[in-house]
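With the sequences and hints as input, model every part of the structure.
Residue numbers (our numbering), protein chains in the order written: chain A, 1 to 360; chain B, 1 to 222.
Hints may be right or wrong, so weigh each one.
[Unchecked claim] With a straight-line Cα cutoff of 27 Å, these simulated DSS-like cross-link-like pairs (lysine-lysine) come out:
#1 A:Lys107 to B:Lys128
#2 A:Lys129 to B:Lys39
#3 A:Lys170 to A:Lys129
#4 A:Lys272 to A:Lys351
#5 A:Lys127 to A:Lys170
If you are wondering where the hints come from, they were derived from the structure by calculation, not from laboratory data.
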Amino acid sequence: MLEIRITKRFAEGEREFVMESECVCAPGITILFGASGAGKTTLLDCVAGLGSPDAGRIAVGNRVFFDCEQGLNLAVQRRGVGYVFQDLALFPHLSAEENIGYGLSGKERTTRTGEILESFSIAHLRKRKPREISGGERQRVALARALVIDPCVLLLDEPLAALDAPTKSKMINDLRAWNQAHGIPIIYVTHSREEVFALGERVVVLENGKIVAQGTPHEVMTAPRQESVAQLVGFENVFDAAVVAILEYRGTMRCRLAGSKVELETPLVRVKSGSSQRVGIRAGDILLATIRPQGLSARNVLPGRVLSLEERDMIVVARVDCGVDMTVHLTLAARDVLELQPGREVWLVVKTHSCHVMAK
Amino acid sequence: MDWQAFWLTIRLAVVVAAVLTVVGLPIAYWMTYSRWRWKFLVEAVIALPIVLPPTVLGFYVLVALGSHSPLGRWWQALTGHTLAFTFTGLVIGSIVYSLPFAVQPFAAGFAAVDTRLLAASATLGASKLRTFLRVVLPLSVPGLITGVVLSFAHTMGEFGVVLMVGGNIPGVTRTVSIDIYDRVQALDYGSANQTALVLLGISFVAMCLVYGVNRRVWVWWK
Numbered sequence: 001m002l003e004i005r006i007t008k009r010f011a012e013g014e015r016e017f018v019m020e021s022e023c024v025c026a027p028g029i030t031i032l033f034g035a036s037g038a039g040k041t042t043l044l045d046c047v048a049g050l051g052s053p054d055a056g057r058i059a060v061g062n063r064v065f066f067d068c069e070q071g072l073n074l075a076v077q078r079r080g081v082g083y084v085f086q087d088l089a090l091f092p093h094l095s096a097e098e099n100i101g102y103g104l105s106g107k108e109r110t111t112r113t114g115e116i117l118e119s120f121s122i123a124h125l126r127k128r129k130p131r132e133i134s135g136g137e138r139q140r141v142a143l144a145r146a147l148v149i150d151p152c153v154l155l156l157d158e159p160l161a162a163l164d165a166p167t168k169s170k171m172i173n174d175l176r177a178w179n180q181a182h183g184i185p186i187i188y189v190t191h192s193r194e195e196v197f198a199l200g201e202r203v204v205v206l207e208n209g210k211i212v213a214q215g216t217p218h219e220v221m222t223a224p225r226q227e228s229v230a231q232l233v234g235f236e237n238v239f240d241a242a243v244v245a246i247l248e249y250r251g252t253m254r255c256r257l258a259g260s261k262v263e264l265e266t267p268l269v270r271v272k273s274g275s276s277q278r279v280g281i282r283a284g285d286i287l288l289a290t291i292r293p294q295g296l297s298a299r300n301v302l303p304g305r306v307l308s309l310e311e312r313d314m315i316v317v318a319r320v321d322c323g324v325d326m327t328v329h330l331t332l333a334a335r336d337v338l339e340l341q342p343g344r345e346v347w348l349v350v351k352t353h354s355c356h357v358m359a360k
Numbered sequence: 001m002d003w004q005a006f007w008l009t010i011r012l013a014v015v016v017a018a019v020l021t022v023v024g025l026p027i028a029y030w031m032t033y034s035r036w037r038w039k040f041l042v043e044a045v046i047a048l049p050i051v052l053p054p055t056v057l058g059f060y061v062l063v064a065l066g067s068h069s070p071l072g073r074w075w076q077a078l079t080g081h082t083l084a085f086t087f088t089g090l091v092i093g094s095i096v097y098s099l100p101f102a103v104q105p106f107a108a109g110f111a112a113v114d115t116r117l118l119a120a121s122a123t124l125g126a127s128k129l130r131t132f133l134r135v136v137l138p139l140s141v142p143g144l145i146t147g148v149v150l151s152f153a154h155t156m157g158e159f160g161v162v163l164m165v166g167g168n169i170p171g172v173t174r175t176v177s178i179d180i181y182d183r184v185q186a187l188d189y190g191s192a193n194q195t196a197l198v199l200l201g202i203s204f205v206a207m208c209l210v211y212g213v214n215r216r217v218w219v220w221w222k
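Structural data, given as structure tokens:
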């Protein structure tokens, strides 16, 4: 069990950043989720001992790493924390084998390095330098180097960010298997939604140095009430909105999007009529039609005009002006069948429950 | 050409470069990683010989080594003679004179090593010394070579400090640049030219080595 309770203050020019976080990580994977600059790496560095908090306590079971009141701050070297850095930080002048064996000494070095090279299926790379192997292989070497020292906590700072999907899922499987065998607290930093759902038993959401939500991925990610979480979760469309009518008997309310005449029907949440809120809509939840659709259950049908179309990976990102600037995701096929072009008149269809009302 | 002066100068430059490597590495380490607020003062002092006239530096070294200073008196009590006008005195003067030429490239080499690598080394349990020996040093080889070569070459060609501290004693303190000066004074341009050419050649080779290593023309260290 890893307990973290830290306060750390940074002053950068006139901007002050205060990190104030408290969480408990059980053995298993805890996802640390947050935008860049939220303080994720700072938190990991404090656990590893690379940075010192101003106050608080960090402990794994009965091993205390840091305790401000007792004036205790265990040196990095003696913490036994496995850390896979965002840029991996492999030693460029050492081979894969030497990198992995770096934290070991004596006889153990040869035997354990050999074992882990085999079990990570990278034995054929043992003599190669980091620059001579692929990104995925480098990632495995970095993970092996952190695990071979038998750490009591494992910290992973966006370890899969640079990998393609198949390599990613292989790494996730390796990590899962290792986790089952060893059962130590693992903190896994990411800002990818897929990784959160693929890996997480628990998610902690960090924003501006503070933990704003925690729970299972489903709890945290599907019904976000914090806007910060919402943006991280991937609402491409977030609008300021005023509640104009509360329709209690229908379980809905109407919100007018700021700076426009657009009104959306949204699910009912506990807010006052007239209060200002935010509404988030995922770009993938919006339907697009070239003629006004009829006989639909969806309550929001808005006329608009296509501003731009941009192909990105395997989707088309359309910007549509419907009184507000709305981002819509389409498949390539949908674009072709509808013969969409900039300037084209369209209708946007949004279900009531695709409109997420959030506290401002 | 005065071979005695030549070999004396080589011996001086080798000793100075060796001492500066031993002394310069910890200073450069401290300069790179210390977060002391007044560090810049130390950096300024170490860099002084770059801009200070060699005669000024030589004058102060001479005074510091002489029998009126504590260091000079201590040395005299220990050995029975003063440090001024000896080879040892010359070595001390040259070390001060060439210090920035060793320390600055070393420090630049260390600073170019990604601090995340040092962090990684620490999380893997390595002490600061081990991290220095296994990560920092191997990754700053170009800086190390630059520092050693520059301090060697700089000592080879020094004139003002030698003249102030060492005088002109054949076989003891008479270096090649003093030799060149003497020949010119004696209007012996022929042999002055010979010696000057040798120094020019050595300096050129030294500079080629420095730039070649830093441009990674030769990479034999990894």
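Here's how the hints hold up against the structure:
no. : hint                 : verdict
1   : A:Lys107 to B:Lys128 : holds, 23 Å
2   : A:Lys129 to B:Lys39  : violated, 37 Å
3   : A:Lys170 to A:Lys129 : holds, 22 Å
4   : A:Lys272 to A:Lys351 : holds, 22 Å
5   : A:Lys127 to A:Lys170 : holds, 23 Å
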